[in-house]
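Engineer: These protein sequence lines are chains A and B, in that order.
For the first sequence, position 363 (counting from the first letter as 1) is numbered 363 according to our numbering, and the numbering increases by one without interruption.
For the second sequence, position 96 (counting from the first letter as 1) is numbered 96 according to our numbering, and the numbering increases by one without interruption.
With the C-beta cut set under 10 Å, the calculated list includes, among others, these residues of chain B facing chain A: (1) ARG43; (2) GLY46; (3) THR51; (4) LEU58; (5) GLN66; (6) ALA74.
For the record, the hints were derived by calculation from the structure and aren't laboratory data.
Glycine is no exception: its CB is placed at the ideal position from the N, C-alpha and C atoms.
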Amino acid sequence: MDTGSSIGLVAPQSAHFSTPLTLRSGAMMPAFDLVYETYGTLNAAKSNAVLVCHALSGHHHVAGLHADNPDSLGWWDNIVGPGRPLDTDKFFIVGVNNLGGCHGSTGPSSINPVTGKPWGSDFPLMAVVDWVRTQARLADLLGIESWAVVMGGSLGGMQALRWTITFPERVRHALVIAAAPKLTAQNIAFNDVARQAILTDPDFHGGHYYAHGTYPQRGLRLARMLGHITYLGDQQMDQRFGRELRNGAFSFGYDVEFEVESYLHHQGDKFAGFFDANTYLLMTRALDYFDPAREGNGDLAAALKKASARFLVTAFSSDWRFSPARSKEIVHALLKNGQDVSYAELDCPYGHDSFLMPDPDYHAVIRAYLDRVKL
Amino acid sequence: MSAFDRPDFDVIAGWVQSGDKVLDLGCGDGALLQRLIEERGVRGWGVDIQTHNVVAALRRGINVLQGDLEAGLAGFTDAAFDHVVLSRTLQTVRHTQNILGEMLRVGREAVISFPNFAYWKNRMAVMAGRMPVSEDLPYEWYDSPNLRFFTLLDFEALCDQMGIVVRDRQVLDEAGRSIGEEPNFLGSLAVYRLSRPR
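Pulled out of the complex, with its shape left as it was, chain A reads as follows (with noise of 0.2 Å):
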């Protein structure tokens, strides 16, 4: 397992977008901002470009560390880098921060124009239709046609499946890692009590906390326990907390004593120690939304076939947020319209999360696909 990252330092760049954009809800976003990160060079027929999307909790720094902070390592660094399976001798790879993000692009802590202070809970809800034609966007920026390939895991593969649906001319490959083609009714529930927590707890103010100078920590720390949970491989964790005490032995308190309950607390504070609540819940929500087989009456496949890319849909048996059987609706769909499709389900003990594990077999599968990758 590489520690370091091998594409070394990273910056983060910035751009504007004053072109109004129409979101799925009907809402109007008169102008926003994007932060994106770029690693290796677009080639001169600017045709190895590849659009990396994130996750619930992602954001652009995908790889790399940024220079005033060692502890900086990218959410996905362990795939990219010179011969690793995302090879930046071979591509020119964009993450990009999602508008409603929390990590410098325009979302709920931005500054609304309008008003003079943060946006809260009135800033627009968002589609990953929303996400994908804001990265359009950042794409035409950049002077790029056409990706060779857009990817993600979870949430960031719900939005590669988006782009060949949306943009089938602008996608030459898909992979669409830990993904589903819509949340059961199981999943939606876990988000509805995540948002619960959040909306519940009297540091929310109607989402409008910015103002009050606090933040709905209690609530985003339990909505993240919660996802964690559902994020981990059950048997993975059981090997690794088991019924392990702390001390020992039973205290007879509501204290941290098992090992699982100290872990899921220092998960929850940290992550609500830098995330926004707001942006919590607006992700979740387009989790929640996403459904393109709406566009095909219901028939995903009618809804696939305008796609042109070719498919790489990875799923983890251990995963029991977005199981096997979910990626398989995505596979059979596009079998039955004769699409380009390739399947790979790995033996990956970390639940949900093992998207973002450097597996052996997992990054076999991801090099071997994009090596095949032509510019």
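Once you have looked at the hints, place chain B on chain A.
Structural biologist: Leaving out everything else, chain B in the frame of chain A:
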């Protein structure tokens, strides 16, 4: 084994046409599909359970789907393919009738090759008291992936029982030469082209 010493591949290549959609079950490293795509201009998808085979097929640029044939072809649409191929794999599948039925559900035609247990050398080996090891049955009994041992006559009887039509049949000896007379005795490898009743 390379694509060049797989004589059943020649037979299969002769049965497909440009533009046909081919599903190759147990596709291994994708050698057959690559040949059918390059020489015959088909559109192809492979199925294999082993990750190393999935990786190898991806390296060839072949569409490959990781999955277990024993689980059937659930999720595959009816009549989605022109040909569904099962090359030297039927003898390793436990649910024989299920896979045959599934192949002819998702495909217009099924193409199946398998080693003939009644090949004369195999009969000789059994007569001499030992399980056969040959070009087309290259395993010792204790390390063989083969679960089912059957002959041309056995296979045709099952097809008859299942109402499957044998459209064509090529029988080959160990050197890959076509056999005409006494195929169940002289043939080491059989290749069948099957369809549903019209």
